[in-house]
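Sequence lines, in order, name chains B and W.
Following numbering that gives the first Met the number 0, the numbering of the first sequence begins with 0 at its first residue and continues without gaps.
Following numbering that gives the first Met the number 0, the numbering of the second sequence begins with 0 at its first residue and continues without gaps.
Source of the hints: derived by calculation from the structure; they are not laboratory data.
Values in this document were obtained by computation on a predicted structure and should not be read as measured data.
Heads up, some of the hints might be wrong.
Cβ-to-Cβ under 7 Å is the rule here; a few derived chain W residues that face chain B [as the list claims (entries may be wrong)]:
#1 A6
#2 S10
#3 H173
#4 Q184
#5 P227
#6 V230
#7 L231
#8 P319
#9 V321
#10 F345
#11 P386
#12 V497
#13 P559
#14 R565
Note that CB positions come from ideal geometry on N, CA and C, so glycine has one too.
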Amino acid sequence: MPAIAAAVIAGKPAPTQPSLNQRRPMPASHNTTNILVVGIGGQGVMTATEILAEAAMALGHDVKKTEVAGMAQRGGVVSSHLRFGPKVLSPQIAPGEADLLVGFESAEALRWCHTLRPGGVVLVNTARLVPPVVNGGLYDYPADPVGQMRALGYEVHAFDATGIARELGELRLGNTVMLGAIADHLPFPADNLLEAVLARFRTRKPQFVELNRRAFEAGRRADAREGQTT
Amino acid sequence: MAAVMPAPAQSRLLMSGNEAVARAVWEAGVRVAAAYPGTPSTEMLETLAGYPDLYTEWSVNEKVSLEVAFGASMAGSRAFCAMKHVGMNVASDALMTLTLTGVQGGLVIAVADDVGLSSSQNEQDSRFWGRFAHIPVLEPADSQDAHDMVLEGYRLSESFQVPVLLRLTTRICHVKALVTVGARQTHAASGFTRDAARWVMVPGNAARRIPLMYERERRLRELAETSPLNVLEPGEDKRFGFVTSGPAAMHVREAFPDAPVLRLGLSYPVPVERVRALALQVERLVVVEETEPLLELELRAAGIAVHGKDVLPSIGELSPQVLRPALARWSGEDGPASGAAAQAVFPRPPTLCVACPHLGVYYTLSQLRNIVVSGDIGCYTLGAGHPWHALDSTISMGASMGVALGLDKGRGETDRNKRIVAVIGDSTFLHMGMQGLLDITYNRGNVTVLLLDNRAVGMTGGQDNPASGRDIHGEPAPRVDFARLVEALGVKAERIRVVDPYELPTLFKALREETKIDEPSVIITDRPCVLIDAYQPRRPYRVEESACTGCGNCVEVGCPAIHVTRREKAVKPSGREVDLSFVRIDTPACTGCDLCVQTCAPDAIVHAEPLHAASVVRPG
Ligand SMILES: Cc1ncc(C[n+]2csc(CCOP(=O)(O)OP(=O)(O)O)c2C)c(N)n1
Ligand code: SF4
Ligand code: SF4
């Protein structure tokens with residue numbers, strides 16, 4: 000068990016330093032971490048955010064999580080806000096204040112990229128989910144959402160999480176692949192997030208623990224590769 | 000949902016406001032809890048159904064749920080009921096009189112306002128009901144507050160014999176935050192005591208209760224001045240002081256960490272003297288409330304100089320990023336530099352699910368000419384949107400019936416040949432539609448009703464209802480027989496048809512025939528919502544590319560599994576230019592309802608190889 004988690008369980012105060020991650024430290028002024036996870040209804044956005052919240056909570060952080068879900072079950076836009084730190088007041092992340100934007104779908108990442116703070120990072124699944132209004136010819140799907148975000152100056156880590164999941168033999172693992180990609184952008188060690196992911200499966204579906212561990216690591220590797228190329 | 004072991008007292012849990020309320024209702028020893036679903040309130044009862052040792056139910060509408068809770072209170076049990084804001088419009092007839100009788104066992108009514116209209120037909124400020132019904136209003140600011148205020152609400156309810164309104168908003172109901180929970184208390188039912196002067200609200204008795212109600216309100220007003228639910232958080236920066244309630248309190252605290260803030264947890268009756276004391280200490284006093292200027296107007300009427308909606312927006316949600324620039328501008332400072340602009344991306348309006356039985360209904364309605372479609376509230380309201388555009392009105396639950404009759408009776412010369420169709424879901428019909436249909440038959444209206452029986456409350460997540468034949472725990476319950484019900488309401492047996500909405504020709508024929516006959520008729524569709532167990536996916540399809548002629552007919556079905564791969568223009572032999580759309584089916588998403596297949600003339604839509612069941616999920 001990581002030392003911090005052990006300390007928390009032993010009742011010691013939570014770590015308050017903003018970042019334990021060398022690769023992407025949060026600014027020191029920031030004592031609340033803001034993560035925005037976006038996608039469309041049915042993709043598992045809210046569950047992913049909830050697992051992140053559980054990991055932060057296990058480390059003793061105060062946590063608030065909220066959704067703007069325009070009828071989430073009917074394929075509408077979902078944006079899930081997660082804030083954690085020593086004390087969180089308002090649950091919403093203001094535009095320009097997200098440390099990390101996680102897009103489960105390309106156009107959705109583009110829709111929300113203005114919420115990032117300067118220097119924030121976008122992690123995006125390159126999968127495209129095209130809605131009926133685009134199929135009906137009323138609107139166009141952006142030609143190259145990732146390129147467009149890069150042109151705007153954002154650091155974008157793009158990877159085909161759906162493809163990675165397919166290779167692992169189970170499309171539903173896409174969620175865990177995305178969480179793995181997030182793992183090295185947090186102010187706490189990746190293992191804490193992995194633990195939160197696996198804890199869910201240990202109680203409900205123990206036969207999936209190993210597969211999810213592999214999906215998580217695959218997501219981590221995919222993100223690290225992107226980190227080198229940009 | 001089967002009862003589970005609740006987490007032990009003192010656990011610290013990540014809970015939504017709705018889950019925190021449910022937990023506290025259980026802790027308060029409540030014995031009866033009732034609700035009709037509605038966003039953002041639904042999860043309160045849904046969660047409570049999983050707790051042991053209390054009775055929970057899905058009621059058929061909010062008025063009934065309040066009456067059930069009130070009856071339990073008369074019997075001396077602690078009782079609870081929950082609804083969304085518009086639900087209180089329905090329940091208010093009961094509320095406005097039970098405020099006179101007062102309660103026996105504690106009664107807390109949770110009402111959840113959809114501030115910002117994420118999933119509602121209007122925006123309402125339910126705090127008005129506190130004023131209208133002369134009952135106290137509690138306004139939590141987060142999940143822990145919501146939990147604690149439920150417990151306080153029961154103490155208040157019993158010591159003043161008053162129903163208590165717990166006013167929530169989406170930002171309480173659906174925000175998850177940490178909550179320290181407590182143990183369950185037991186409150187045995189004290190028993191019903193006959194007392195006609197109290198419980199039988201005939202004019203003579205009611206008139207004698209009115210002064211008691213005002214006296215109760217006066218004592219509550221006194222209490223508000225000293226209640227620990229109203230908290231003054233001192234601050235050094237006296238340029239602004241704030242009076243606030245609900246989730247707005249968190250936004251104020253975040254935006255102005257050094258300002259004095261009076262947080263009203265018991266926000267009605269308003270503790271006017273406490274506000275007056277704060278007003279003396281600060282340069283300007285600002286009231287921050289969602290959504291209407293209720294506190295603001297009442298404080299001004301009490302002679303306190305306050306600001307509010309003159310500087311803050313009066314619609315939609317408040318947040319630190321709304322508050323900071325508004326007050327900066329007011330003080331003559333520059334607002335914070337505006338950040339990056341949002342990129343223009345296509346909208347993603349909610350859609351009907353893949354294989355939703357409503358798809359067939361709207362595809363068919365969109366093919367009919369000369370009809371007016373009086374709609375209602377549910378997933379099927381989406382029929383107003385792309386690609387069907389086949390719904391002409393939506394007002395309130397059950398309104399499709401009365402509005403259709405009015406359209407019929409009030410028709411002018413230009414509408415003489417229009418056929419009037421009403422579309423209503425099973426849950427909506429049972430909520431408030433039956434009365435409207437009775438009005439149609441009794442008054443010999445000429446309306447064809449499409450009753451979309453998908454055996455679930457689809458819109459709010461597929462909850463059980465009397466059409467599903469299962470109760471809130473998923474246990475078997477009597478299932479309503481719609482054909483016999485509408486016949487009993489006066490529709491002739493030969494004018495009632497039960498149709499499979501996956502069979503387009505049958506549906507089309509039934510609609511064509513029934514709309515031609517000048518009598519009330521009802522067409523009942525009988526396929527389950529894809530969210531519920533009764534729904535059985537079938538073998539999926541794919542498009543044989545070489546056979547697809549690009550006619551685009553299947554796209555008009557509106558199933559989200561059908562995607563256009565390429566568009567072309569072509570010239571017909573007649574010289575007319577046509578748009579072609581070549582398609583593919585996302586086979587892992589398709590559940591084989593067969594609807595699109597029936598629209599494809601060249602038979603380009605064929606069965607796909609059976610897929611590994613586990614891959615039938617969306618990517619991501
Ligand atoms: C008075 C009121 N209560 C609750 C709601 C929330 N609500 C909207 S539609 C709906 C029910 C929809 O169920 P049904 O009529 O069966 O249609 P479906 O969504 O299954 O197609 C509910 C509960 C509301 N809009 N108004
Ligand atoms: S939830 Fe049910 S009723 Fe609603 S769109 Fe989906 S299938 Fe249709
Ligand atoms: S058969 Fe056609 S309409 Fe039905 S689910 Fe599959 S793609 Fe959609």
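Outcome of the hint check:
| no. | hint | verdict |
| --- | --- | --- |
| 1 | A6 | violated, 14 Å |
| 2 | S10 | violated, 12 Å |
| 3 | H173 | holds, 6 Å |
| 4 | Q184 | violated, 27 Å |
| 5 | P227 | violated, 20 Å |
| 6 | V230 | violated, 14 Å |
| 7 | L231 | violated, 17 Å |
| 8 | P319 | holds, 5 Å |
| 9 | V321 | violated, 9 Å |
| 10 | F345 | holds, 4 Å |
| 11 | P386 | holds, 5 Å |
| 12 | V497 | violated, 26 Å |
| 13 | P559 | holds, 6 Å |
| 14 | R565 | violated, 11 Å |
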